[in-house]
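Residue numbers for the sequence shown follow our numbering, so the first one is 28 and each next one is one higher.
No lab work stands behind these hints, which were simulated from the structure alone. Take the hints with a grain of salt, since some may be wrong.
In silico lysine-lysine, BS3-like type, Cα no more than 25 angstroms apart, as pairs [what the hints assert, rightly or not]:
hint	residue 1	residue 2
1	LYS303	LYS318
2	LYS303	LYS392
3	LYS465	LYS303
4	LYS300	LYS318
5	LYS299	LYS258
6	LYS300	LYS498
7	LYS498	LYS258
8	LYS392	LYS258
9	LYS302	LYS318
10	LYS465	LYS392
11	LYS498	LYS465
12	LYS299	LYS318
13	LYS300	LYS258
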Amino acid sequence: MLHAEGPLLTVDVGERETHTTDVDDVLASFIGGRGVGTKLAHDRIPFDADPLGSDNSLFFTTGPMQASRMSFTGRMNVTGVSPLTGGLLSSNAGGFMSRNFADTGFAAVEIAGESDDLVVVHVTDEGVEFEAVPDLAGATVPETCEYIDDERGLDAEHVACIGPGGENQVRFASIMTTEERAFGRGGLGAVLGAKNVKAVTFEGDSAPDIEIPAGQMEIHREAATDDNIMKEQGTVAVMDLANEIDGLPSYYFSEQSFEGADGINGESVAEKKYKKGTCSACAFACKLPTKDEAAGVETEGPEFETAMAFGSNAGIDDIVDVMKSNELCDRYGLDTISTGNTVSAYLASEDEFGDEELILDLVEKIAHREGVGDLLAEGIDRAHEELGVENWTVKGMDFAAHEGRVLHGQGLSYAVANRGADHMYATFYSVEYPLVGKEEAMEPTGFDDKPERLVERENLMALNDAGIVCKFSRDYMSPDRYEMLFGADFDDLLAVGDRVVELERHFNNQRGIAREADDLPYELPGFEDALDEYYAARGWNDDGTVPESNISGGSDAVSADD
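Turn these sequences into a full structure, and let the hints steer you where they fit.
See below:
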């Protein structure tokens, strides 16, 4: 089975020490990316670790497909304990850093401990340097990237950094790379901030020699030549469809359609797009560099989730206003979905939907934990009672745009996902709109055959995240192509994904996260029965816990070499 290669590099930022560990057995069992990050985190982070304490670690990982030149492979993974959900969480970002990371020769880099001083950690194939950067305290993401470029000659494609949001430990702060790409959901930027690490850079010339089958180029050619609406409108292309089926969350989830959708839909974004945008080696080019000269705003996006969170959910019907919020979140290092939803919760509490000036002011206050921003920086789950609004979260994570009250399989997915109410954990919405062919599509309502299908999709998405292969490759990947690329039977590959999901769940179980957390803030007929079927399909206990006998496969890391 094709897998990432190289040792684990552990960087203790408190002790200013590093060492390497042979993790070949982990790589062979978990491929790379989220798989390897999850196994290492499960075995090396104490189950009772404070997400914002020194016992928590962040694992930067990439996969074997980052040795390819195939489209859909310009991504990498970070894993740690989330300060938003309290559970084990992996976050995936695109851009151009993954291959610079691979050039260091490490399969995984662990950031451990807690620094007394604000530092930048420079990781190279020749060693690690700790640079004290007191002058970067409070710096935005662009300011931080500019400093590193000026001082080190490393552009933003080598940099993973935080803005004020991470430094101030906003529970949904992002780690940013390539300036505008985010390890977004779950607040791992706050973990980096708690460690007093402003940025980590990656540079080298020691990428492992991993041979990718020549069939990769057929996928690459199809991605380059296919006519796909996402190349013009990105994910926001689905907004009109969502609105038509009463599946667009609006006015802090109190409504399911938005009268101003035409002002924030795919066509409105396409009108502001001024060039192509992509990730490393990808010819699909679905990113959205946008600008409005009259408003003086230039950003990347917004994607559908952001257009919901800062658009329909906030009562905003002008794409330029959403672009401003998007740009501000990128600048301060904040997850656009959670920031927009949390701001929308505040707007609901004050009956101030549609006030763009207030929205931008709230983003500023959240990033700096000023005034009411200090409360909002805790996220909806911790702030909703004081705000006097409903708690639209699962496991502490607020909802993405794909409406589970209409797409019932997606609703079940939100409930059981180890990350919380996250749309990318299984992308079940794609079979219910549907965005796939008729042979794969399912009726949006009801749960017939969906729990078993959800298990398959969660395992497939975990496999993609281990690979690492972008989830928007769905029209170009098939079982035979997975087998060709990874050199293993498709069922064996899905079994890797199964082990990843199970390890996440087992870790979370040890932190008290089980069936009672697999819930929704709304009722769906047949939900409890579907939950039972899901647990049975996974081989888990009725209370949502993983039997200890299931936790096998993949070995612990061994043989550390200083």
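Consistency of the hints with the structure:
Between the alpha carbons of LYS303 and LYS318 the distance comes to roughly 12 angstroms, so the proposed pair stays at or under 25 angstroms and holds. Between LYS303 and LYS392, the direct Cα distance comes to roughly 33 angstroms. Violation of the 25 angstroms bound is thereby established for this hinted pair. Pair hint LYS465 plus LYS303 does not hold up; C-alpha atoms about 31 angstroms apart against a cutoff of 25 angstroms. This hinted pair checks out: LYS300 and LYS318 have alpha carbons roughly 7 angstroms apart, not beyond 25 angstroms.
With a CA separation close to 14 angstroms, the supplied pair LYS299 and LYS258 stays within the 25 angstroms bound. Proximity of LYS300 to LYS498 is assessed by CA-CA distance (about 23 angstroms); at most 25 angstroms being required, the pair is judged to hold. Between LYS498 and LYS258, the direct Cα distance comes to roughly 15 angstroms. Compliance with the 25 angstroms bound is thereby established for this hinted pair. A C-alpha spacing of about 35 angstroms is found between LYS392 and LYS258, which places the hinted pair above 25 angstroms, so the restraint is violated.
A C-alpha spacing of about 10 angstroms is found between LYS302 and LYS318, which places the hinted pair at or below 25 angstroms, so the restraint holds. This hinted pair does not check out: LYS465 and LYS392 have alpha carbons roughly 47 angstroms apart, beyond 25 angstroms. A threshold of 25 angstroms between alpha carbons decides the hint, and for LYS498 with LYS465 the separation of about 19 angstroms falls inside it, so the pair holds. Restraint check for LYS299 and LYS318: satisfied, since their Cα atoms lie roughly 6 angstroms apart, inside the 25 angstroms limit.
About 11 angstroms separates the Cα atoms of LYS300 and LYS258, which keeps this hinted pair within 25 angstroms; it holds.
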